Every structure is written in structure tokens, then in C-alpha cells.
Amino acid sequence: MVARDPHDKNPELLVGNYSYKRMDEDVLSLITQQKKHPFAWYIFLGIGFMITQILLLSITWLVYQGIGIWGNNQPVGWGFDIINFVWWIGIGHAGTLISAILLLLRQQWRNSINRFAEAMTIFAVMCAGLYPLLHTGRPWVAYWLFPYPNVLAMGPQFRSPLIWDVFAVTTYITVSALFWFIGLIPDFATLRDRATTKAKTVWGLLSMGWRGSSRHWLRYEQAYLILAGLSTPLVLSVHSIVSLDFAVSIVPGWNVTLFPPYFVAGAVFAGFAMVLTFMIPIRRWYKLEGMITMRHIDWMCKIMLATGLIVFYGYLMEVFYAWYSANPYELYMAENRLFGPYAWAFVALWICNGILPLILFFPKMRQNLKVIWIVCQFVSIGMWLERFVIIPMSLHRDYLPSSWGMYYPTVWDFGMFLGTMGFFIMLMFLFIRFLPIINVFEMKELLSRMRPGRQAVEPEAASVAGKGGE
Amino acid sequence: MTEAPSQGSLNFGKLLAPALVMALIGGVLCFMQYGQNAEAFYQSYLFGWTVWIVLTCGCLGVMLLSHAVRGSWSVALMRLFEAGGGPTMLILMGVLFLPLLMHGGMHAVYHHWVEPNGDKVVLWKQAFLNPTTFQIATVAYFVIWLAFAAYNRGSTLRQDRTLDPTETAKRINISVLGLILFVLTVTLSQTHWTMSIDPHFFSAIWGVWFLASMALAAISLGTIIVCFNARKQPYQDVVGPKLTKDFGNMMFAFTMFWTYCTFSQFIIIWSGNLYEFTPFFYVRSNGGWAEYGAFLMFFGFFVPWMILLSPGVKANADKLKWVAIIVFGMRIFDVYYLVIPFFRKTPMPMLGDVGALLLIGGIWLAAFSALVRKQALLPKFDNRLQEALAHEH
Numbered sequence: 001m002v003a004r005d006p007h008d009k010n011p012e013l014l015v016g017n018y019s020y021k022r023m024d025e026d027v028l029s030l031i032t033q034q035k036k037h038p039f040a041w042y043i044f045l046g047i048g049f050m051i052t053q054i055l056l057l058s059i060t061w062l063v064y065q066g067i068g069i070w071g072n073n074q075p076v077g078w079g080f081d082i083i084n085f086v087w088w089i090g091i092g093h094a095g096t097l098i099s100a101i102l103l104l105l106r107q108q109w110r111n112s113i114n115r116f117a118e119a120m121t122i123f124a125v126m127c128a129g130l131y132p133l134l135h136t137g138r139p140w141v142a143y144w145l146f147p148y149p150n151v152l153a154m155g156p157q158f159r160s161p162l163i164w165d166v167f168a169v170t171t172y173i174t175v176s177a178l179f180w181f182i183g184l185i186p187d188f189a190t191l192r193d194r195a196t197t198k199a200k201t202v203w204g205l206l207s208m209g210w211r212g213s214s215r216h217w218l219r220y221e222q223a224y225l226i227l228a229g230l231s232t233p234l235v236l237s238v239h240s241i242v243s244l245d246f247a248v249s250i251v252p253g254w255n256v257t258l259f260p261p262y263f264v265a266g267a268v269f270a271g272f273a274m275v276l277t278f279m280i281p282i283r284r285w286y287k288l289e290g291m292i293t294m295r296h297i298d299w300m301c302k303i304m305l306a307t308g309l310i311v312f313y314g315y316l317m318e319v320f321y322a323w324y325s326a327n328p329y330e331l332y333m334a335e336n337r338l339f340g341p342y343a344w345a346f347v348a349l350w351i352c353n354g355i356l357p358l359i360l361f362f363p364k365m366r367q368n369l370k371v372i373w374i375v376c377q378f379v380s381i382g383m384w385l386e387r388f389v390i391i392p393m394s395l396h397r398d399y400l401p402s403s404w405g406m407y408y409p410t411v412w413d414f415g416m417f418l419g420t421m422g423f424f425i426m427l428m429f430l431f432i433r434f435l436p437i438i439n440v441f442e443m444k445e446l447l448s449r450m451r452p453g454r455q456a457v458e459p460e461a462a463s464v465a466g467k468g469g470e
Numbered sequence: 001m002t003e004a005p006s007q008g009s010l011n012f013g014k015l016l017a018p019a020l021v022m023a024l025i026g027g028v029l030c031f032m033q034y035g036q037n038a039e040a041f042y043q044s045y046l047f048g049w050t051v052w053i054v055l056t057c058g059c060l061g062v063m064l065l066s067h068a069v070r071g072s073w074s075v076a077l078m079r080l081f082e083a084g085g086g087p088t089m090l091i092l093m094g095v096l097f098l099p100l101l102m103h104g105g106m107h108a109v110y111h112h113w114v115e116p117n118g119d120k121v122v123l124w125k126q127a128f129l130n131p132t133t134f135q136i137a138t139v140a141y142f143v144i145w146l147a148f149a150a151y152n153r154g155s156t157l158r159q160d161r162t163l164d165p166t167e168t169a170k171r172i173n174i175s176v177l178g179l180i181l182f183v184l185t186v187t188l189s190q191t192h193w194t195m196s197i198d199p200h201f202f203s204a205i206w207g208v209w210f211l212a213s214m215a216l217a218a219i220s221l222g223t224i225i226v227c228f229n230a231r232k233q234p235y236q237d238v239v240g241p242k243l244t245k246d247f248g249n250m251m252f253a254f255t256m257f258w259t260y261c262t263f264s265q266f267i268i269i270w271s272g273n274l275y276e277f278t279p280f281f282y283v284r285s286n287g288g289w290a291e292y293g294a295f296l297m298f299f300g301f302f303v304p305w306m307i308l309l310s311p312g313v314k315a316n317a318d319k320l321k322w323v324a325i326i327v328f329g330m331r332i333f334d335v336y337y338l339v340i341p342f343f344r345k346t347p348m349p350m351l352g353d354v355g356a357l358l359l360i361g362g363i364w365l366a367a368f369s370a371l372v373r374k375q376a377l378l379p380k381f382d383n384r385l386q387e388a389l390a391h392e393h
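Residue numbers (my numbering), protein chains in the order written: chain A, 1 to 470; chain B, 1 to 393.
Treat the hints as calculated values from the structure; they're not laboratory data. Please note that a few of the clues may not be correct.
Straight line, CA to CA, 25 Å or less: simulated BS3-like cross-link-like pairs of lysine-lysine [as the list claims (entries may be wrong)]:
| no. | chain 1 | residue 1 | chain 2 | residue 2 |
| --- | --- | --- | --- | --- |
| 1 | B | Lys242 | B | Lys170 |
| 2 | A | Lys364 | B | Lys170 |
| 3 | B | Lys14 | B | Lys374 |
| 4 | B | Lys170 | A | Lys302 |
| 5 | A | Lys200 | A | Lys21 |
| 6 | A | Lys287 | A | Lys35 |
Distance ranges between label pairs, derived from CB positions [unchecked claim]:
| no. | chain 1 | residue 1 | chain 2 | residue 2 | range |
| --- | --- | --- | --- | --- | --- |
| 7 | A | Tyr143 | B | Phe263 | 27 to 33 Å |
| 8 | A | Glu335 | B | Ala294 | 47 to 53 Å |
| 9 | B | Phe263 | A | Gln107 | 25 to 31 Å |
| 10 | A | Trp285 | B | Thr162 | 43 to 49 Å |
| 11 | B | Val21 | A | Ile250 | 33 to 39 Å |
| 12 | B | Gly13 | A | Arg449 | 29 to 35 Å |
Residues on chain B that point at chain A, a partial pick, calculated with CB under 8 Å [stated by the list, open to error]:
| no. | residue |
| --- | --- |
| 13 | Leu24 |
| 14 | Ile25 |
| 15 | Val121 |
| 16 | Asp198 |
| 17 | Phe202 |
| 18 | Ile268 |
| 19 | Thr278 |
Computed from a prediction, not measured in an experiment: that's the story for all the values here. Glycine included, each C-beta is placed from N, C-alpha and C at the ideal position.
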């Protein structure tokens, strides 16, 4: 159990009179008793589903017409496609941080939020992956990105970070999905044991013969730790490689040595904002406040605050070293950001990511869910603007003034972006309905650690296959 | 560890005599170097001073970080950090920087911007790179660090006497602010003190890179002291596998982070191949520096990283102390790689390099041994380590 500060007024990691049985009921009945879902679930699934149609329409038109329907031009060859790719990839990082790094750091507060954040990671990476895939212009030959023996006598350019991205992102989604699935197995088994409908077969297949024996637990723990060990460097490497997409070039505003750590911090910042955006309403709709407590929220806010400060440090250093460089192109880049045609985006970025999150310094604000939710929206907007500032704003005016231009996204750019948001919302709400949103067996473990002797008091409560065993 | 018979109490007083001998030898070597070539002496002096300011700032930074996040692993090291990065040590390091703030030192080390000779790049940044700003800024960096070091030191000592828990909450707030200012001032100070040796060069990761090195220096020094004295009081009461694992994990994490910063800077500069940055690595790729760089990567990254992957090593104070020595030693080589190629084309050390390292190191260690003896080595107000160990047993 985490050492408590006597002056800490935040509640524990588990609030309420929980038993193993009640945990099963609170979480797993969302799947087994479908009527427990609030009306909001139908509304948001419907919204997500409808917006997903815009995505489908945008993709169909894109494949039919080609990427000329986007606002990308010369000199702005990368626009919404790459902005949105980086934004979505970043959002996924909170999940990996919570599930892998906090596990290795023995932080038990991750137990009730990791499943949710991991799901978000996978869905966000799915959304992210769409953009570079479609930006190739010929997604049906995307397999050319992989090195395979072919008669074309062509192979990928391994010196390009875009190729590193292919490997980084595919590794990331593979490991994240595996990690998520392995973590779900004991809960699938519990669902199998509780199911009274034909769904029992599905849960049975998914639980892969799990019986909760000590051997199963041993192997589970080993596999889970190995995957956590694999995922941890991925948190750093994926977004570092994404940052190198820009940093290895010589575009002023991109060739910044600080980019890798600053991108990673930004990713975690954006990811936590998105986790909180969904978690705050969902914990209320599903009455999960006892398991996702204000202590969780407080810590997530602190992580957001810390990563936000790192990001802000990055902004300050970009401007300072642009000045310090005395390089006319770097200097103009800074001037263009501050006073150029897109200065509004730069100012908004500093307000959203640099100034507003500072409100989280105040403990009272970290206990005010409305304030937190609003700050999270600003952070999400700010992190999108950050990529807008870095990508089109650096490209539209670089070395040759005769080649300068403006970037105007088209309705299809907005359609794709909105569409992926709808797709993400739809997947999140489907996840809430069909999979346990809280890692029940880990919460049971937490319960047993927090309240030693509880099993003796409530023997009937400890009868589930998800925890305990033969 | 704790089952082994006690070997008595740790006495830092034994450190004083060797430290003074070290300073004496260093002083003689520095004097000889000064007689041969005064300019080279100042350049060596910057190297020696930077090694020890990295350690001093590391102690202060890790102390601020520990207070800000209430880390329990660092309680055993807190008094060491308070001595190594405390107000007295900061004043001492500030005084030791004076030779470089004087006319001779500035002209020998920072002559590119002290005498711009019409260099347009240098003239552009004269608001930042001029002797007056440099001197005022240096004083400001030390004053800021001093304020936070003094507050935290005072607070923990007060809490030791009064056991007033509100001190902890106050320290968290002050340390968070301190940490923010610390990161900014370390970035600016290292831009002034080291990056500006070549005023054409700039790298935005420079400050973060130094921060990683500082953390490694402080944690490895703390680990060396605690692990070498694990069977002596008062560490015998708190050192167990869990604590040494924490030390090992911290060194592991920061070793990776340091390598990550090093590699990020290298790959971005190498790929960009622009005239401002490339000379930095061009110099460091010729005349033996390439081999030196390989050595640095091998012993600064691969060796500690591979060893620290093993949980068995981290759980054993007797083994971990040797890894900590490697990590600490590599900080010296790291600073040498950062500073010296700005002045010389080969890594062959000069008398002054060794002399400055020993002179400032000797003074630092002598002061450290005196400061650390002033208080009990383990804070009384925070008994989380003792509780954790009791719980393990």
C-alpha cells in the first residue's frame, strides 16, 4: 500500500464497503446485465457511429480521388494527415505509461485505470495508423514499406525515420494489444464463470482455458512482466521516432535536438488529458467513484501538470535557442510563429498547454471535476495546436521566400479528423459495453492488500475464478 | 545484509585527510600547469570545476525532486544530498568559480565571445554572452540554488527537532517551485558555462543532458557511500534489498535517459549536417575522440545498463557499489568529452586536467566530510525506511 501523508485529504484508492463479490457486480454486470447502461451510452455510441460514417465517406472519396482532395500543397506537404497522426499516437501513450511503467514502478493506483487507458491506446493507435497509410496515396501497396524479397529490386530506405515509424508503430500496437489481451484473460474467466447465456462460449474461448491455478498465475505474472518490460521502452521510442520524422530534417523549427524528450512528455500530457476526458463522466454514469477515486484523479492531474511543465519548457527552449542560434532562418521561424499569419495558433497553444494547466497546481482545483475536465479539453486542443504549429507553420515559410505559401485544410481534412474522433468514441463505448472496463482481479488484489483479514470475515465473497484459484 | 555483524559507526572524518592530500596534489599539478601554459590551465580548471558542479547540482536537484514527490528511497541519501548540494557547498563552488570569472579566466576560456572581433553571430547574442551578463547571471544562478538549498536544509533540521508534519507539506510546495527554477537555471547556466565556449554551437537538449548527468552523479555517489557502509550504523538499520534495488533502478533509469539524450542529439545533428552543429561532432570524431566516444558509450551505457538489468546485483549492496563506482567515474569522462574537445584536438589529458579535478575534488570532499558530520545521517522525522525494513522482516 502506498504510504500516506497524514495531511493528505484525498481518499484512498478504494472507497466504500467493497467485497470481491461487489467488485464483480459493479464491473462485470455492465457486460452481463446490459440494461445497466445509462441513456448517455446510447447517445454517445450513436454520435460516435454517425461520425464514423463521415470517416468512411472521407476515406472512400480519398481513395477514389487521391490525396489532392486534402489541403496539402507546396510548400506544406504535410498537413492534417501528419498533425492528426502525431496527435492520436500521442494520446495512446498514457495507456502504455499507466499499464507498463506504473506496473514496473509498483504503483498500485494504476489498477483501476489501466484497462481503460490500454483500450484507449489501442483505439488511438488505430486512428493514428490510418493517416500515414492513406497519405501514401496508394494504401493498397502499403506492404512495400516492409522489407520483403521482391522482383522490383526495391527496398525501404532504412535511413528514413518514416520507415522507423512503420516498425515502431506496428510494434507498439502489437505489444499493446497483447498486453491488453493477456491482462484480460483472468477477467474473461470470471465472465465465463458468471455467464448464463450463450456468451459463455465466447468468454470461454477468450479465457484460453484459464482456471486460476497457481501455475496459471505464475505464467500470467511472468508474461505480464515481460510485456511491461517490452512496453516501457516503447513509450519512449515510439514518440521519439515520431519526433525524428521532423527533427532529422533541416526545416527551421524541426531541427531541434530537444524534440525527442519533449515529444514524449507531450504525448503523455495529451494521453492523460484524454483518459480524464472519458473517465470523469464514465465513472459517474457507472457509479465507479469508489474504485476510480479522487486520489486517482489527483495523481493523474499531477502527472499532467508535470508533463505539461516539461512541454512548456520545450516551448521556451525552442524560442530561446532560436534567438541564441543567430541563424536568420531560425530567427524568422520564431518571428513567424509570434507575429506571422498563424500567430493565433501559437498564442492559443501557449495558453492551452502552458498557462491554463498551471491551475492544477492548486489542490482544490485537482478535486474539482468540472475544472479538470475543462482543462483537459484545453490540453487536447493545445496538443493538436502544437502539432499544427510545428508542422504547417514551419513548412509554409522556410528557406526560400519565393516558395512561401499558406495552408488551408479542406472539408475532407476536417471530415477525416472528425471521423476518427467519431470512430474513437464509438470504439470506446463499445468497449465499455462488451469488456470489463476495470481490471477486476487486480482490484481484488488491491482489496486484499488494503484490508488484510477480509477474506476471513467474508468468505463467501472470495469465490470467483478471477482471483484465488484451486 | 542486516543480519551481518555491525562494523561500528560510519565516520566521515576519515575522509578529511585523503581529501586534503588530494587537493594538495591537485594544487601542485595546477600550479605546474599554470607555469607552463596559463590558458590551458584555465581550460582544465573549467573541466575540473564542471565535474564537481555537476555533482553539486545533482545533489540539489535530486533533493528537490525527492521532496517534491515525497520519494521514500531517497530518505537514506537526504543528508548526503543536503551536504553535497547544500548552501555551504554552493557558496564554496561559487567561490571556486571566481578564477574563471576574472579577466584571465574569461579570456582563456570564453575568448570567442569576450573578443568577438566582428563575428556577426557572436555580436547578435551579446546581450547574453558578455562578461557582465555572464558574471551577474552566474551570481543569480547560485543565489537561486542557494535559497532553495538553504530552505530545505533548514526545514528538515527544524522537523528533526520539532517533528512538525506541516514542514513536509511546505517543503513539497517550495521544492516544486525550486525544481522548476532549477531546471531553467541549469539550462541557462550550462549554456553560459559550457555551451558558449563555442558560441556558434547550440543544442536545445544541452540542459536536459546535463540534468541527466547530474542526477546520475548524485545518485551514484549516494549509492557508493551507503553501500560501502551498509554494515555500519546508521545505514545498517535501513539498508536492505528493497532499498538497494531502488538505488539500482534509479541509476538504470537515468543511465538510459542520459544515453537517450546523447543519442538524440547525435542522430539529429548528424542527420541535419548543418554548419552550426556539425563541428561539435566533427571534432569529437577525430584525433582519438571517436575512440574516446566509443569508450564512453561502452562504460557509460552498455556496462552499467547490462549489469543493472540483473535484479540480483541491485539487491546486493556489495555488488551494487561497484556499478555505482563505474557510473560515478563515467561522469568525469563524460564532462571531459563535453568540455575538452572545445579546446584540444586529442583526448590526451594535460597536467592541469588531473590537477583541477583533484584540487576541486579534494576541496569538495573535505567540505563534504565536514558538512555531513554536522547532523545525524538519517533524518529522524522520516522513518519510512525503518518501517519498510521492519515490515520486510
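We went through each hint and held it up to the structure:
1. B:Lys242 x B:Lys170: Roughly 28 Å between the alpha carbons, so the hint for Lys242 (chain B) and Lys170 (chain B) is violated.
2. A:Lys364 x B:Lys170: With Cα atoms ~16 Å apart, Lys364 (chain A) and Lys170 (chain B) stay inside 25 Å; holds.
3. B:Lys14 x B:Lys374: Within the cut-off at roughly 14 Å; holds.
4. B:Lys170 x A:Lys302: With a Cα-Cα distance of about 17 Å, the restraint between Lys170 (chain B) and Lys302 (chain A) holds, given a limit of 25 Å.
5. A:Lys200 x A:Lys21: OK: Lys200 (chain A) and Lys21 (chain A) at ~19 Å, within 25 Å.
6. A:Lys287 x A:Lys35: holds (14 Å)
7. A:Tyr143 x B:Phe263: 27 to 33 Å: holds (30 Å)
8. A:Glu335 x B:Ala294: 47 to 53 Å: violated (41 Å)
9. B:Phe263 x A:Gln107: 25 to 31 Å: holds (28 Å)
10. A:Trp285 x B:Thr162: 43 to 49 Å: holds (47 Å)
11. B:Val21 x A:Ile250: 33 to 39 Å: violated (52 Å)
12. B:Gly13 x A:Arg449: 29 to 35 Å: violated (44 Å)
13. Leu24: Violated: closest Cβ of chain A sits about 41 Å from Leu24 (chain B), beyond 8 Å.
14. Ile25: violated (38 Å)
15. Val121: Check passed: Cβ of Val121 (chain B) comes within 4 Å of chain A, closer than 8 Å.
16. Asp198: With Cβ-Cβ at 12 Å, over 8 Å, it is violated.
17. Phe202: holds (5 Å)
18. Ile268: Status holds, d = 5 Å.
19. Thr278: Violated. Min distance 11 Å.
The earlier numbered hints that this structure contradicts are 1, 8, 11, 12, 13, 14, 16, 19.
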